[in-house]
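Engineer: Can you build the whole structure from these sequences, using the hints too?
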Amino acid sequence: MAMRVKIGLGSCGMAAGARQTQTALDEALAAAGSTLRSERTGCIGLCFAEPLVEVVDAESGQNWFYGRVDAAAAARIATEHVLGGQVQEDLLLTPDELHFLQSQQRIALRNCGVIDPENIEHYIERGGYQALRQAVCDLTPEQIIDTVKISGLRGRGGAGFPTWFKWDACRKAEGDIKYVICNADEGDPGAFMDRSVLESDPYSVLEGMAIAARAIGSSQGVIYVRAEYPLSIHRLELAMQAARERGFLGQNIFGSGWDFDIYIKAGAGAFVCGEETALLASLEGERGMPRLKPPFPAQKGFWQRPSNINNVETFANVAWIINNGGEAFAAMGTETSKGTKVFALAGKIKRGGLVEVPMGITLREVIFDIGGGIKGDGEFKAVQMGGPSGGCIPASLLDTPVDYESISQTGAIMGSGGMIIMDEGTCMVDMARFFLDFTQKESCGKCIHCRIGTKRMLEILERITRGEGKPGDVELLQDLGRQIQAGSLCGLGASAPNPALSTIRYFADEYRAHIEEHKCPSHSCRPLLQYHIKPEKCRGCSLCARKCPVGAISGELREVFVIDMGKCIKCGNCAASCRFDAVEVL
Amino acid sequence: MTNIAAEIDLQPLESVLAAYAAKPGSLITILQQTQEIYGYLPRPALAEISRATGIAPAKVLGVASFYTQFRLEPVGRYLIMLCQGTACHVNGAESISAVISEELGIADGQTTADGLFTLKHVACLGCCSLAPAMMINGEVYGNLTANSVRQVLHDLAAKEAE
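Same order as they appear, the protein sequences are chains C and D. With the numbering used here applied, the first sequence corresponds to residues 32 to 617, in that order. With the numbering used here applied, the second sequence corresponds to residues 5 to 166, in that order.
Hints were generated in silico from the structure; no laboratory data involved. We treat Cβ as the ideally placed atom computed from N, Cα and C, and that holds for glycine. Mixed in with the good hints there might be a few duds.
[To be verified] Derived pair list, reagent style DSS-like, types lysine-lysine, alpha-carbon separation capped at 25 Å:
1) C:K331 / C:K477
2) C:K324 / C:K477
3) C:K550 / C:K501
4) C:K331 / D:K124
5) D:K124 / D:K163
6) D:K63 / C:K331
7) C:K598 / C:K550
8) C:K331 / C:K381
9) C:K472 / D:K63
10) D:K63 / D:K27
11) D:K124 / C:K486
12) C:K472 / D:K124
13) C:K601 / C:K565
14) C:K578 / C:K601
15) C:K565 / C:K598
16) C:K477 / D:K63
17) C:K406 / C:K381
18) C:K565 / C:K550
[Unchecked claim] Computed Cβ-Cβ distance ranges for the label pairs, DEER-style:
19) C:L507 / D:A161: 45 to 55 Å
20) C:T54 / D:E164: 17 to 27 Å
21) C:E615 / D:A162: 48 to 58 Å
22) D:A51 / C:S585: 54 to 64 Å
23) D:N151 / C:T54: 21 to 31 Å
24) C:R164 / D:A162: 54 to 64 Å
25) D:G66 / C:Q509: 33 to 43 Å
26) C:E493 / D:P61: 48 to 58 Å
27) D:E98 / C:K565: 24 to 34 Å
28) C:R513 / D:A51: 19 to 29 Å
29) D:E98 / C:A539: 46 to 56 Å
30) C:Q117 / D:S19: 54 to 64 Å
31) D:P61 / C:R322: 21 to 31 Å
32) C:S585 / D:N151: 26 to 36 Å
[What the hints assert, rightly or not] Some residues of chain C that are not near chain D, with every Cβ distance over 10 Å (derived):
33) R71
34) E85
35) F96
36) T125
37) K180
38) I181
39) D219
40) W289
Structural biologist: Structural data, given as C-alpha cells:
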C-alpha cells in the first residue's frame with residue numbers, strides 16, 4: 032500500500048512545533064528502513080489542532096488527519112500507519128473537529144494545506160496557470176474584466192469595492208506604464224488569512240496578479256508585504272523564480288509578446304499603509320500618509336502612473352473565476368456579496384483557525400457550528416469584526432448573515448475577515464480602550480480630528496476603565512466619534528471611533544456600571560476590582576498571605592484571613608492560589 | 005556624540021548605498037538593510053544615508069521614526085516581541101507583559117542592564133490561534149502562561165550564562 036504523509040508547515044504550525052514533528056516522522060521512517068519522507072504543505076487552517084499530519088493512501092485517495100502530533104505521536108504514525116497500515120484511532124481528529132474542514136467551501140484557500148508551497152509542479156498539477164493561459168491566449172482584456180464583473184467579486188481587504196470596476200478604470204486610464212499592486216500589508220490585528228495564503232499558496236496570488244495585469248495592460252507588478260511575514264516573503268520569492276523559469280512571468284508570456292514581472296517590497300510596519308494612497312507613499316519610500324482622492328490610484332497611483340491595488344485574498348480568487356466562469360462564483364453568496372469569504376476565528380473560541388464559507392451564512396453558523404462555540408465553559412458575549420475599524424456584534428445579532436451590507440448595519444464592518452470571539456470575561460469598555468489605543472498610535476498624524484480626537488477618546492476610555500469615569504463621558508465619546516468620522520481623510524480615521532460607538536450601542540450597561548458604580552461586570556478592569564475573603568470558606572491556611580507580593584493579607588493560622596484593599600495591587604495571586612475557593616472578586 | 009560616531013563602522017553600509025542610493029523610492033529598503041547590519045539605526049548611519057542619497061536628514065529621520073520596524077536605539081541580545089493583537093489581548097497578553105516586566109525589571113521598550121533582553125510590544129504577529137504569543141529572535145512562543153514565559157526567560161538566561 033503506497034502511502035503519502037503530509038505535514039502543515041505554515042508559521043503557526045511551526046510555532047506549535049511542526050518542525051520537530053516533521054523530524055520525528057522522517058527519522059522514524061528512516062529508522063524503519065523506508066525511503067519515504069514526509070511532504071511539506073502549507074496551512075490547512077485547523078490552527079487549533081496544530082501540528083497537523085495528513086496520511087493519504089495514494090491509490091484510493093482516502094486520507095486521515097492527525098491533530099496535535101508531537102514527536103512521539105509522529106513516530107507512532109510513521110511506523111504503525113504509514114508503514115504498517117494500522118490507523119492510529121486515538122490520535123485522529125474527532126468527527127467534530129473534522130467538521131470544521133468539511134463544512135467549508137474553499138476557493139481562495141483551494142490549495143492551502145494541499146500543495147507544497149515551494150513546489151510549482153504541485154500547483155500546475157492542480158490546474159495552475161491554465162487561467163492565465165486562457166486570459167493571455169483566448170480572452171480579450173474586456174472579456175477578462177467582464178468575467179470578473181459577472182462573478183461579483185468585491186475587494187476582500189475591507190472596503191468591498193467591486194474588483195472589475197477598479198480594473199476597468201485602470202484599463203481606461205492613460206499612462207505609459209501601469210502597475211498592478213498586491214496589498215499584503217495585513218495589519219488588522221486578529222486577521223491572518225493573507226499570511227496563510229501567501230505561505231501556503233503563493234502561486235494563486237501571482238497568477239491572479241498576472242491576469243489582472245493582462246486585463247489592465249500592465250507590465251509591472253509589486254507586492255507590498257509586511258516585513259513581519261518573513262516566511263511569506265521567502266515563499267513568494269521562490270514562487271516568482273519558479274514562474275519565471277517556466278515562462279509564466281517575464282518576457283513574451285505564452286508567446287504573446289506581452290511582458291509582465293513582479294517584485295516584492297517589504298513594508299516597515301504601519302497600519303495606515305493598508306490604505307491605498309498611504310501604501311503608495313510607502314512604496315515610494317515616504318512616510319505612509321494618505322492623500323486626498325481623487326485622483327484615484329487608477330488614474331494617478333504609483334509614481335503618478337495608473338495603478339490597480341487589490342488585496343491578497345481578492346487575487347487568490349481570480350484564477351478560479353477565470354477557470355470556472357463568473358457565473359459559478361456568483362452562484363454562491365447573497366444578492367450583493369457573491370462568492371466565498373475567508374474568516375480568521377480567534378479569541379475565546381473552541382476551534383480557532385481559518386474558514387472559507389459562502390457569503391450569507393450566519394455568524395451563528397460560523398462561530399458555533401464550524402468553530403464549535405466558546406472555549407471553556409463561558410458564555411458567548413460578542414464577536415469583534417473588522418478590527419480597529421470595526422465593532423462588536425452582540426449575541427442578539429448572531430443570526431446576522433455575513434455579507435458586506437448586513438455586517439455594516441450592525442456597526443461593525445466585514446473588514447478583512449478577522450473574527451475575535453469574546454466571552455463574558457471580556458470587558459467591552461476595555462475592548463474599546465484597546466482599539467482606540469491601537470488607532471491612536473497608528474494615526475499618521477495628518478488630520479487633526481484623527482490625531483487628536485483618537486487621543487482624547489482614548490484618555491476618556493482609560494479614565495473610565497480606571498474607575499474615574501464621569502457623567503457625560505459616553506455622550507462626549509459619541510460626539511467626538513462623530514467629529515472624527517467626519518473630519519478624517521482616510522478610512523483609518525473615519526472608522527477609528529467604531530469600536531467605541533458600537534460597544535456603547537450594544538453594551539451601554541457596561542459603560543454605566545463602570546462610570547456610575549465603579550464596577551467592571553467582567554472583572555477585567557483591574558483598578559475596579561475588589562478582593563474579599565469569604566469567612567465561611569476560609570480555613571486559615573495562610574497560603575494566600577504567603578503568595579501575596581505586597582503583604583496585603585494578614586491573619587492567624589486556622590483563623591479567617593483578611594485583605595487590606597489599601598495595600599492590594601490586584602494581582603490576583605490570592606484568588607489563583609486559594610484551594611478552598613474562599614477569595615471572591617467583586 | 006563624537007564618541008558614538010567613532011564606534012560605528014560605516015564600511016558595511018557602502019554596498020547597500022551603492023546598490024540603492026541612486027534608485028528612487030528606496031529609502032525604506034536602505035533603512036531596512038541598515039538595520040540588518042547594525043541591529044538598529046545609528047545616527048551616523050542615518051547621516052551617511054542622507055549624504056549618499058541627497059535626501060534631507062530630517063526626512064530620513066522622519067521616515068525612520070514613522071515605521072514601527074525601525075529602532076533608533078540598540079536592542080538586547082534577545083528581542084522579546086510581545087504580541088498586542090486582539091486575540092492576545094483577549095487571552096491575557098497584559099498579564100504576560102506584567103510577568104516579563106517583573107522578571108526582568110524592564111518596561112516596554114527598555115533593555116536589561118546586562119544587555120540581554122529588550123521588551124517590545126508589537127502589533128499582531130498573526131499567530132492568533134496561539135494567543136497569547138510572543139516572538140523572540142524570530143522564534144514564536146505560543147499559548148503563554150505566567151509559568152511558561154518565566155521558563156522561557158530562565159532558559160535563555162541560562163544558555164547565555166554557560
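Engineer: Quick check: which numbered hints come out false for this structure?
Structural biologist: 4, 8, 21, 26, 28, 29 and 39
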